[in-house]
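**Student:** Protein chains in written order, with full-length UniProt numbering: chain C, 1 to 392; chain Z, 1 to 392; chain H, 1 to 392; chain W, 1 to 392.
These are computed hints drawn from the structure, not numbers from a lab. Possibly wrong hints are sitting among the right ones.
Any copy will do: because identical chains look the same in the list, a pair fits if it lies in one copy or spans two.
Heads up, simulated DSS-like pairs for lysine-lysine below, C-alpha to C-alpha not over 25 Å straight-line [to be verified]:
1. K377 with K126
2. K134 with K65
3. K325 with K106
4. K377 with K106
5. K106 with K380
6. K120 with K3
7. K126 with K3
8. K116 with K325
9. K120 with K325
10. K138 with K3
Protein chains: 4
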Amino acid sequence: MVKLSDLSAKNREILERQDVELPSWAFGNSGTRFRVFTTPGVPRDPFEKVSDAAQVNAYTHAASKVSLHIPWDLTDDYDALRKHAEDLGVTIGTINSNVFQDEDYKFGSLCNVNPKIRQKAIDHHKQCVDIMRKTGSKDLKIWLADGTNYPGQDSIRERQDRLAESLAEIYAELDDDMRLVLEYKFFEPAFYHTDVPDWGTSLVQCQALGERAMVVLDTGHHAPGTNIEFIVAQLLRVGRLGAFDFNSRFYADDDLIVGAADPFQLFRILNEIVAAGALDEGSPVNFMLDQCHNLEEKIPAEIRSVTNVQEMTAKALLVDRDALKEKQVAGDVLGANDILMDAFYTDVRGLLGELRESQGIDPDPMRAFMESGYLEKIRKERVGGTQASWGA
Amino acid sequence: MVKLSDLSAKNREILERQDVELPSWAFGNSGTRFRVFTTPGVPRDPFEKVSDAAQVNAYTHAASKVSLHIPWDLTDDYDALRKHAEDLGVTIGTINSNVFQDEDYKFGSLCNVNPKIRQKAIDHHKQCVDIMRKTGSKDLKIWLADGTNYPGQDSIRERQDRLAESLAEIYAELDDDMRLVLEYKFFEPAFYHTDVPDWGTSLVQCQALGERAMVVLDTGHHAPGTNIEFIVAQLLRVGRLGAFDFNSRFYADDDLIVGAADPFQLFRILNEIVAAGALDEGSPVNFMLDQCHNLEEKIPAEIRSVTNVQEMTAKALLVDRDALKEKQVAGDVLGANDILMDAFYTDVRGLLGELRESQGIDPDPMRAFMESGYLEKIRKERVGGTQASWGA
Amino acid sequence: MVKLSDLSAKNREILERQDVELPSWAFGNSGTRFRVFTTPGVPRDPFEKVSDAAQVNAYTHAASKVSLHIPWDLTDDYDALRKHAEDLGVTIGTINSNVFQDEDYKFGSLCNVNPKIRQKAIDHHKQCVDIMRKTGSKDLKIWLADGTNYPGQDSIRERQDRLAESLAEIYAELDDDMRLVLEYKFFEPAFYHTDVPDWGTSLVQCQALGERAMVVLDTGHHAPGTNIEFIVAQLLRVGRLGAFDFNSRFYADDDLIVGAADPFQLFRILNEIVAAGALDEGSPVNFMLDQCHNLEEKIPAEIRSVTNVQEMTAKALLVDRDALKEKQVAGDVLGANDILMDAFYTDVRGLLGELRESQGIDPDPMRAFMESGYLEKIRKERVGGTQASWGA
Amino acid sequence: MVKLSDLSAKNREILERQDVELPSWAFGNSGTRFRVFTTPGVPRDPFEKVSDAAQVNAYTHAASKVSLHIPWDLTDDYDALRKHAEDLGVTIGTINSNVFQDEDYKFGSLCNVNPKIRQKAIDHHKQCVDIMRKTGSKDLKIWLADGTNYPGQDSIRERQDRLAESLAEIYAELDDDMRLVLEYKFFEPAFYHTDVPDWGTSLVQCQALGERAMVVLDTGHHAPGTNIEFIVAQLLRVGRLGAFDFNSRFYADDDLIVGAADPFQLFRILNEIVAAGALDEGSPVNFMLDQCHNLEEKIPAEIRSVTNVQEMTAKALLVDRDALKEKQVAGDVLGANDILMDAFYTDVRGLLGELRESQGIDPDPMRAFMESGYLEKIRKERVGGTQASWGA
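Turn these sequences into a full structure, and let the hints guide you.
**Tutor:** Spelled out as C-alpha cells, the structure:
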C-alpha cells in the first residue's frame with residue numbers, strides 16, 4: 001500500500017500546494033437544450049455561489065479560488081463580494097466574459113459582421129477588465145460561441161480577421177500583470193464552423209496579441225479521438241498553455257465530472273503536466289473546473305471533481321521517471337507502458353487521506369461534507385428568490 | 001438539360017405524389033443550451049403553427065401533413081384544429097409524445113426505476129392515443145430522452161426490460177390501424193448511456209411488440225461516420241422502417257436543414273429508398289422533417305428542406321438502374337460509381353420547376369413565398385401573447 | 001488492501017475458472033499497410049504458434065484454448081496439432097475462416113455479385129467445418145472483409161440478401177453441437193459500406209439462421225463514442241452474444257492490447273458481463289483475444305492482455321451490487337457512480353497474485369515469463385524458415 | 001445551362017491554368033493491411049509510372065507534374081527520367097521522402113530516441129535534396145509515420161524537440177529556392193500518439209524553421225467532423241499553406257478518389273481557395289493528389305480525381321461573391337447559403353467540356369482515354385518484371 005512517505009519531498013509539496021479553481025456557475029442549476037432540471041438549495045446570487053465554493057475548499061484544501069462569470073455574477077459591490085470570499089478562506093479568480101446570451105449576438109460577437117455589435121462585445125470585455133481591477137483577478141478568460149450554422153452564412157476568413165482586431169483592442173486594455181486567456185472549442189453552439197475551433201487557432205491569435213495571451217484547454221472541447229495530452233505537451237513546450245477547463249465527456253461537450261468518463265485520460269494529461277514541471281511553483285498554468293452538473297448534487301460533484309484531479313496527480317507523481325526513461329531508450333514498449341500503468345493502477349486514496357489529515361481536514365472529503373448538514377441547511381434557507389440557473 | 005419529360009411516367013408520379021410531413025415545432029423559436037434566439041412573427045399556438053405549415057404546402061405541393069407534439073400542441077378543441085388544417089389544405093399527421101420536459105423525468109420516463117414515474121409516462125402516451133383518435137392520426141411517435149450520465153447511475157439492462165414493459169402497455173392501447181414508431185438516438189441529452197441509442201435496439205424492442213411497431217430513423221442521430229443509407233436499406237429489407245426524421249448535421253444532432261450539411265448523403269439515402277420502391281404507392285415509410293431552426297427564418301427553412309428532399313429524390317429517380325447493374329456485375333468500380341455521380345451532378349431544378357408549373361404553382365417556391373408578403377403580415381399580426389418556443 | 005478472502009466463494013470460483021482464448025495469429029508478425037515489422041523468434045508454423053500460446057497459459061492459468069485461422073494454420077495433420085496442444089496443456093478452440101486474402105475476393109466473398117466466387121467462399125467455410133471435426137472445435141467464427149469503396153459499386157441491399165443465402169448454406173453444414181458466430185465491424189478494409197457493419201446487422205442475419213447463430217463483439221469494431229457495454233448488455237438480454245474479440249483502440253481498429261487504451265471501458269464491459277451472470281458456469285459467451293502486436297513482443301503482450309482481463313474482472317466482482325441497487329433506486333447519481341468507481345480504483349493485483357499462488361503459479365506472470373529464458377530460446381532456435389507474419 | 005462564356009476572363013484563366021500534381025505511386029498497386037490487390041498492366045519502374053501520369057495530363061491538360069517517392073522511385077539516371085517526362089509533356093514535381101518502411105524505423109525516424117537512427121533519417125532527406133537538384137524539384141515533402149502505440153512508450157515532449165532538431169538540419173540543406181513542406185496526420189500507423197498529428201503542430205514546427213517551411217494539408221488526415229475549409233482559410237491567412245494532398249474518406253485515411261466521399265466538402269474547400277486568391281498566378285499553394293487506388297483502375301481513377309477538382313473549382317468560381325457579401329452583411333442566413341448552394345448545384349460539366357475543346361482535347365477525358373486503347377496496350381506490354389506496388 002502506497003503511503004505519503006513514499007513521495008519525495010518535492011512531490012509531496014506539489015500535492016499540498018495543488019489548487020483547482022472552481023466556476024461559480026457550477027453551483028447553479030444547469031441543463032441541456034431539452035431541460036434544465038432543478039436542485040433544491042442552489043444559490044440565488046454570487047454571494048451564495050461563493051459560499052458553496054468555499055465549502056469545497058474547506059473539505060479539500062485544494063480549491064481556494066472562485067471564477068466569476070459576467071454578467072451572471074454582476075453585483076453592485078465587488079468589495080463586499082471579495083471580502084465575503086476572503087472571510088470564507090477563498091479568493092476571486094478568473095473573470096469569464098459572456099457574449100453569447102444577448103439577442104444582439106445571434107450572429108456572433110467579436111467576429112460579427114456588424115461593427116456596432118463587435119464594439120458592444122469589446123466594451124463588455126473592457127467592463128470585465130474593470131471588474132478584474134476590483135476583484136483582484138489576473139486572468140480574463142474568453143470563450144466565444146461565435147461561428148455559423150450554414151456554409152456561406154459568413155466569411156470564415158474575414159471573421160478571423162475581425163476576431164484579431166477585436167482581441168487586440170481588448171488586450172490593449174489589460175494591465176501589465178493581467179493575462180488574456182483564449183479558449184477554443186470544436187463545435188457548439190455553432191454547427192457549421194466555429195471561429196476558435198482548435199488550439200492552433202487560439203495559438204495563432206495569441207501569438208498576434210503578445211506574451212500575455214495564452215491558450216485555454218477545455219478537456220471537453222475536442223474532436224472524437226483527439227490525443228489531448230499531446231496538445232498539453234505541445235502548448236507547454238511553446239510556452240502558451242495558460243489554463244485548463246477540466247471536465248469530461250463521452251460524446252461532445254458533455255461537461256461531466258472531470259475523470260468520470262475516462263480516468264486514464266485524465267491521468268495521462270496530468271502525467272504530461274508533471275513531466276513538464278507545470279505543477280511546480282510559479283507555473284503559468286491555471287487549473288480550473290468547468291462543469292455543468294445537470295443531474296447530480298452540485299457541491300458534492302465539485303468535491304468529487306477536485307479529488308479526482310488530486311488522485312490522478314498523485315498517480316502521475318508516482319511514475320518512476322528514471323525507470324521509464326530507461327525502458328524508452330531500450331525500445332522496450334511493454335516495459336515502458338507497464339511503468340506508467342503501474343502508477344495508474346496504484347490506489348492512492350489512502351495516501352491522499354494521509355495528506356488531508358496532515359492538513360487538519362477529514363481524510364474523506366465527500367463523506368465529511370455529506371455528514372456536515374450543509375446541504376440540509378441551504379435547502380431550508382434558500383427558499384424564495386430565483387435560483388441561479390446556468391445562464392442566470 | 002434534363003426535363004420532366006425525361007422521367008418515366010412512374011417516376012414522374014413518384015415526384016408528384018411525394019409528401020414530406022412537417023413538424024409543428026419547426027415554426028416556433030428554438031435554440032441551443034446557450035440561447036434560444038427569437039424571430040418576429042413566430043406562432044403563439046398550434047393554430048398559428050398549422051397556418052405556417054400550410055404555407056409550406058401551398059408553395060411546394062409536397063407537405064400536406066403537420067405533425068403535432070404533445071403537450072406543446074395541446075388544445076381544448078381538436079376538431080377545430082383539424083378543421084383549421086383542412087381549411088388550409090393540410091391534415092394532422094403523426095402525434096409525438098414528450099416525456100422529457102417534466103421535473104419527474106429527471107432520471108427517465110419509460111425506463112425510470114420508479115414505477116410511478118413510468119406509469120405517468122405510460123399514461124401520457126395513452127393520452128396521446130386519445131388525441132390521435134380525435135385528429136385522425138395513425139402514427140404515435142416515441143422519442144425518449146431516457147439514459148444516464150454516469151456509469152452505475154442505473155442498470156442498463158434493467159432499464160431495457162422496463163422499457164419493453166412500458167412499450168407493451170402503450171402498444172396494447174393502440175387501435176388496429178395505428179402504429180407505434182420508435183426513434184433511436186446516439187446520445188443527448190443523456191451523456192453516458194442512452195436507452196434507445198441505435199437501430200438495433202429500436203428493432204429489438206419493436207420485434208417484441210408486434211407488426212405495427214416500426215423503427216424511426218432520424219438522419220442526425222448516429223455516431224460519426226455511420227453509413228445511414230445502409231441502415232435504410234437494412235430496415236427496408238426486414239420490413240421495419242416506419243418513418244424518417246429528416247435533418248442534417250456536421251457534428252452531433254445539429255438539426256440543420258436536411259441536405260444542408262451533406263447533400264450527397266441525402267442523395268444516397270433517397271437512392272436506397274427509390275431502389276427499394278419505398279416511394280411507391282402504399283409504402284409504409286412516412287417521410288417527415290425534424291429540424292429546429294435556430295438562426296434562420298422558420299417558414300423559408302422548411303420550404304428549403306422540402307425542396308432539398310425533392311431535388312435529391314429527382315436525382316435518385318434519374319439513376320440509370322439497368323446500366324448501374326451492368327457495371328456492378330462487371331466489377332467496374334469506377335463505371336458504376338460514375339453512373340450514380342452522373343445523376344447526382346445533374347441539375348434537376350428546372351425539371352422540378354416544370355413539375356410545379358404543371359401543378360399550378362410557382363416554379364420557385366422560395367422566391368414566390370418571400371414575395372407573398374406572408375412574413376411581413378405575421379410579423380405585424382402576431383404581436384402580444386407568448387411566442388411558441390421550442391419546448392413551449 | 002483487498003485480499004482474495006474478500007471475495008465470495010462464487011466470485012473466487014469465477015476468477016479461478018476464467019479462461020481467455022488466444023488467437024494463433026497474435027504470435028506471428030503483424031503490422032499496418034505501411035509496414036510489417038519483424039520480431040526475432042516468432043513462429044514459423046501452427047505448431048510453434050501453439051507452443052507460444054501454451055506459454056501464456058502456463059504463466060496465467062487462464063488461457064487454455066488456441067484459436068486457429070484457416071488457411072494461415074492449415075496443416076496436413078490436425079491430429080498431431082491437437083495432440084501437440086494437449087501435450088502442452090491447451091486445446092484447439094474456435095476456427096476462424098479467411099475469405100479476404102485471395103485475389104478472387106477483391107469485390108467480396110459471401111456477398112460477391114459473382115455466384116462462383118460466393119460458392120468458393122462457402123466451400124471454404126465447409127472446409128473449415130471439416131477441420132472443426134478434426135480439431136474438436138465447436139465455434140466457426142466468420143469475419144468478412146466484404147463491402148465497397150464507392151457509392152454505387154454494388155447494391156447494398158442485394159449484397160445483404162446474398163449474405164443471408166451464403167450463411168444459410170454454411171449454417172446447414174454445421175453439426176448439432178457447433179455454432180456459427182458472426183462478427184461485425186464498423187469499417188476497414190472497405191471504406192464506403194461494410195456488409196456486416198454493426199451488431200444490428202449481425203443479429204438480423206443470426207436470427208434468420210437459427211438458434212446456434214450468435215453475434216461476435218470485437219471491442220475495436222465500433223464507431224467513435226459507441227457505448228460498447230450497452231451492446232454487451234443488449235446482446236446478453238436477447239441471448240445472442242456468442243463471443244468477444246478483445247483488444248483496444250484509440251482511433252479505429254487499432255488492435256492494441258485489451259485494456260491498454262481505456263481500462264475503465266474494459267471494466268464497464270466486464271461489469272455488465274458479471275452483472276448478467278455471463279461468467280457463470282455454462283455461459284454461452286466465449287472470451288477471446290484478437291490483437292495484432294505490431295511493435296511489442298508477442299508472448300508478453302498476450303500475457304498482459306490476459307492479466308488485464310483478469311484485473312478488470314476482479315474489480316467488477318468487487319462491485320457492491322446491493323449498495324449499488326440501493327443508490328440507483330434512491331436516484332443518488334453520485335453515490336451510485338461512487339460505488340462503481342470504488343471498485344475500479346481498488347488495486348486488485350495483490351488479490352490476483354494470491355489466486356495464482358493458490359494455483360501453484362508465480363504471482364507475477366510477466367516477470368516469471370521474462371525470467372524463464374523462453375524468449376532467448378526461441379530467438380536462437382527459430383532461425384531459418386519463414387516467419388509467420390500476419391496473413392502468412 | 002451555364003457556359004464557358006459565363007465566366008469572367010480572370011476566372012476562365014484560372015480554370016485554364018489549373019494544374020494538379022500526380023503522385024507516381026498512384027499508378028502502382030496498393031491496398032490495405034489485409035490485402036494488396038493487383039491490376040494488370042501497372043508500372044514496373046518510375047519510367048512507366050511517369051508514362052501513365054502523362055496520359056492523365058494528355059486527356060485533361062491539368063496534370064503536368066509528377067511527384068516522386070524516394071526510395072520507391074530511385075533510379076540511376078534522373079536526367080533520363082527528367083527527359084522521359086519532358087518528352088511526354090510533363091515535369092518532375094515534389095520529392096517525397098520515405099522514412100517508414102525500413103526496419104530501423106520501427107520506433108520512429110526523425111523523432112526516434114536513438115540518435116543514429118535519427119541521423120539515418122536526416123541523411124535520407126539530404127539524399128532527397130540531392131535528387132531534387134537533379135530533377136529540378138523545388139518542394140521536399142515530409143510525411144512522418146512517427147508516433148507511439150502505447151502511453152509511456154516514449155516521451156511525447158522529447159520527441160517533439162528531437163523533431164525540431166532533425167527538421168532544422170534538413171532545412172539547412174535546402175537551396176534558397178527550395179521549400180520544406182511538412183504534412184500532418186491525425187493517426188495511423190501510430191495508434192496512441194502521432195508526432196505531427198494536426199495543423200497546429202506542423203505550423204509550430206514550420207515557424208521554428210523559417211519562411212520556406214510550409215504546412216501540407218492532406219484532406220484525409222483529420223479527426224471526424226473537422227471543418228477542413230476552416231483550416232485552409234486559416235493557413236492561407238497566416239501564409240503557411242504550402243500544399244494539398246487531395247483524396248477523400250468516409251472514415252479514416254481511406255485514400256479514395258478526391259470528391260468521391262463528400263463532393264460538397266471539396267467544393268467548400270475550393271471555395272475558400274478561390275475566395276483567398278490562392279489559384280491566382282504566383283500562389284504558393286501546390287495542389288497534389290495523394291490517393292491509393294486499391295480496387296479501381298489506376299489511370300482512370302486519376303483522371304476522375306483531376307476532373308472532380310476541376311468541376312468543384314468551376315462551381316466555386318461561379319459563386320456570386322458580391323451577392324454573397326450582401327446577404328452576409330444583412331444577416332440573411334438562408335439567402336447567403338442559397339447563393340453558395342446555387343453554385344454547387346449548377347452542372348458545370350458542359351462548361352468544362354467547352355474549355356477542353358478550346359484547348360484541343362476531348363470534352364470527355366474519361367471516355368476518350370478509355371477508348372484510346374492505352375489500357376489494353378500496357379496490359380499486354382507490361383508482362384514480366386515486378387509490378388510496382390504501394391511500398392515497392
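**Student:** Pop the pair K134 and K65 into one bin, within, between, both or neither, using alpha-carbon distances up to 25 Å.
**Tutor:** Result: close within a single copy only, 15 Å intra versus 59 Å inter.
**Student:** Evaluate K325 and K106 at a C-alpha cut-off of 25 Å and name the case that applies: within, between, both or neither.
**Tutor:** For K325 and K106, only the inter-copy Cα distance (18 Å) is at most 25 Å; the intra-copy one is 52 Å.
**Student:** What label fits K116 with K325 when the C-alpha limit is 25 Å: within, between, both, or neither?
**Tutor:** Between copies only: 18 Å across chains, 56 Å inside a chain, cut-off 25 Å.
**Student:** Using 25 Å as the alpha-carbon threshold, which applies to K106 and K380: within, between, both, or neither?
**Tutor:** between (39 Å within a copy, 22 Å between copies)
**Student:** At most 25 Å between CA atoms: does that hold for K377 and K106 within a copy, between copies, both, or neither?
**Tutor:** The answer is between: 23 Å across copies meets 25 Å, while 40 Å in one copy does not.
**Student:** Classify it for me, K377 with K126: is the Cα-Cα distance of at most 25 Å met within a copy, between copies, both or neither?
**Tutor:** Intra 38 Å, inter 41 Å, cutoff 25 Å: neither.
**Student:** At most 25 Å between CA atoms: does that hold for K120 and K3 within a copy, between copies, both, or neither?
**Tutor:** This pair counts as neither: shortest intra-copy Cα distance 55 Å, inter-copy 46 Å.
**Student:** How would you label the pair K138, K3 (within, between, both, or neither) given a Cα cut-off of 25 Å?
**Tutor:** neither (37 Å within a copy, 50 Å between copies)
**Student:** With 25 Å as the alpha-carbon cut-off, assign the pair K126 and K3 to within, between, both or neither.
**Tutor:** neither (49 Å within a copy, 53 Å between copies)
**Student:** From the Cα coordinates, with 25 Å as the cut-off, is the pair K120 and K325 best called within, between, both, or neither?
**Tutor:** Result: close only across copies, 22 Å inter versus 53 Å intra.
The structure is inconsistent with the numbered hints 1, 6, 7 and 10, although it conforms to all the rest.
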